[in-house]
Amino acid sequence: MTRMGVLATQGNVDENIAASRAALGQSGTAVRVMSAADVDAVDALVIPGGESTAIGPLSEASGAMAAIRRRAESDSMPILGICAGLVLMASPAQAGPGPERLGLLDVDVERNAHGRQRVSFEADVALPSLGIDSLRGAFIRAPAIARTGAGVEVLANLRGRAVAVRQDTLVGVTFHAELAGHALHAAFARVAAGAL
Amino acid sequence: MIPLPAAPRGGREAGPDGQARGTPLLKRGFAHMLKGGVVMDVTTAEQAQVAERAGAVSVMVLDKLPSDVRKAGGVARTASVRAIREIMGSVTVPVMAKCRIGHAGEAAVLAEADVDMIDESEVLTPADGAHHIWKWGYDTPFVNGARSLGEALRRIEEGASMIRTKGEPGTGDVAEAITHMRAVSDGIRQVRAMLEDGDSQALVAASRELGASYELVEQVARLGRLPVVNFAAGGVATPADAAHLMSMGCDGIFVGSGIFKADDALERARAVVLATTFWRDPARVLEAQGMVDERGSMAGLDGASMGPRMQERGPQ
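So the protein lines, in turn, are chains B and F.
Here the first sequence stands for residues 245 to 440, numbered as in this note's numbering.
Here the second sequence stands for residues 417 to 732, numbered as in this note's numbering.
It is worth saying that the hints were derived from the structure and are not from the lab.
Given the structure is predicted, the values throughout are model-derived calculations rather than measurements.
Do not take every clue at face value.
[Claimed, not checked] Cβ-Cβ distance ranges computed for the label pairs, FRET-style:
1. F:612 with B:394: 53 to 59 Å
2. F:663 with B:310: 48 to 54 Å
3. F:710 with B:401: 52 to 58 Å
4. F:423 with B:356: 27 to 33 Å
[To be verified] Which chain F residues stay away from chain B? Per the calculated CB distances, all over 10 Å, these:
5. 479
6. 635
7. 656
8. 702
9. 718
C-beta: ideal position from N, C-alpha, C; glycine also.
When you get a sec, could you build the whole thing from the sequences and use the hints?
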């Protein structure tokens, strides 16, 4: 049984719980995660989209950020970061003020890289190494991955730019895959179970 | 998965690059990212920065805060383009702005200025007594106010990607927002009961009464909630106000005059965000409420007994 947590500080929490439940079926459960104790009670974690400037400081205040960092470093807790979740997992911002970051994933991420909401877009994304031929990605005020470190595998490109990455059991995507399906969550559940 | 309209409306089909813009998925999806958060009314770049530092998920640009709109009288219009641009340049969170009800010209200006969401708002002077803006054709998402389920559904059928209660803006009196949130929830519970009873004729009669299509009413009955994100707004002044509304099932909070008309804006902004985030935890809400001083709350107006009410303006 996989116990999947969804960081519930702020953002698109319910859809990630629903997508995780649909992906896990009888093989696990999905629960909201708010506190450090909640983080300690799950096997894997989804950090959903939302505003990283709200999720970061509020999750620091609740103790969840420190617990996530500890679990990721000490027992390799698998984490899926979506949009703002990817921003929070990435290396600290190179310049200018930014939200608190976990610094777990060796990538540089630029927030709102495509522009404002009006230019948000939908596109089909293939993640062949996760066994996903195509899923509908929603790039909503999406970030961009500006640099990937040596130990980081690029899972998907769109127009020549990385939009999904993996570093061991950490997966980060710039797009929303929970708004129109649960294929990514199913693949992440397999990563979390050590099957992918 | 998020609920989408049965018939595809608005948005542009994928071009040669395979990318589609302005679709209901993108517009409704944008509102989903605000959930569990606080959107704060601001009039200046300084206020916007205070809001962002306090953890607001978005700021709403107005020319005057609602309580000043009340005091000033006259016609309230969309904010200056210059102020909107300054604010867009000063924060990284999404920026919303208000246009007058039915004023597609103001909406087009805001869309072209690249605001992230447009609030077709009763806080400004309604421009069209018969029609709201037809919102499906815009790539920019809209939020509309509603006092009841029927009003919410009529706005969704016009293309609103998000709903908020109207409440009674600029009063510091949360009572009207509570009434409107309950009215929407009660309406949803009633149509849900009809669906569970298999009473299709009652659902048809209900949709006529609600002034919305059967398909949408049936979708709401099936989901047990609106098919779009639903925030509380209008009269929120304290952390406890925000926590109470969250406990009633709203997805997040708009705060208008409550923050920047108070004497302790930054602390109050932080406190309202904390109470909205941790509303399930009474100790945290107490901590948040303890950060504000009731002597610093806006004096307020009694929403029920005041004269002309903003919530009654414009087509319903």
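Verification of the supplied hints:
no.: 1; hint: F:612 with B:394: 53 to 59 Å; verdict: 57 Å, holds
no.: 2; hint: F:663 with B:310: 48 to 54 Å; verdict: 28 Å, violated
no.: 3; hint: F:710 with B:401: 52 to 58 Å; verdict: 55 Å, holds
no.: 4; hint: F:423 with B:356: 27 to 33 Å; verdict: 31 Å, holds
no.: 5; hint: 479; verdict: 21 Å, holds
no.: 6; hint: 635; verdict: 16 Å, holds
no.: 7; hint: 656; verdict: 18 Å, holds
no.: 8; hint: 702; verdict: 15 Å, holds
no.: 9; hint: 718; verdict: 33 Å, holds
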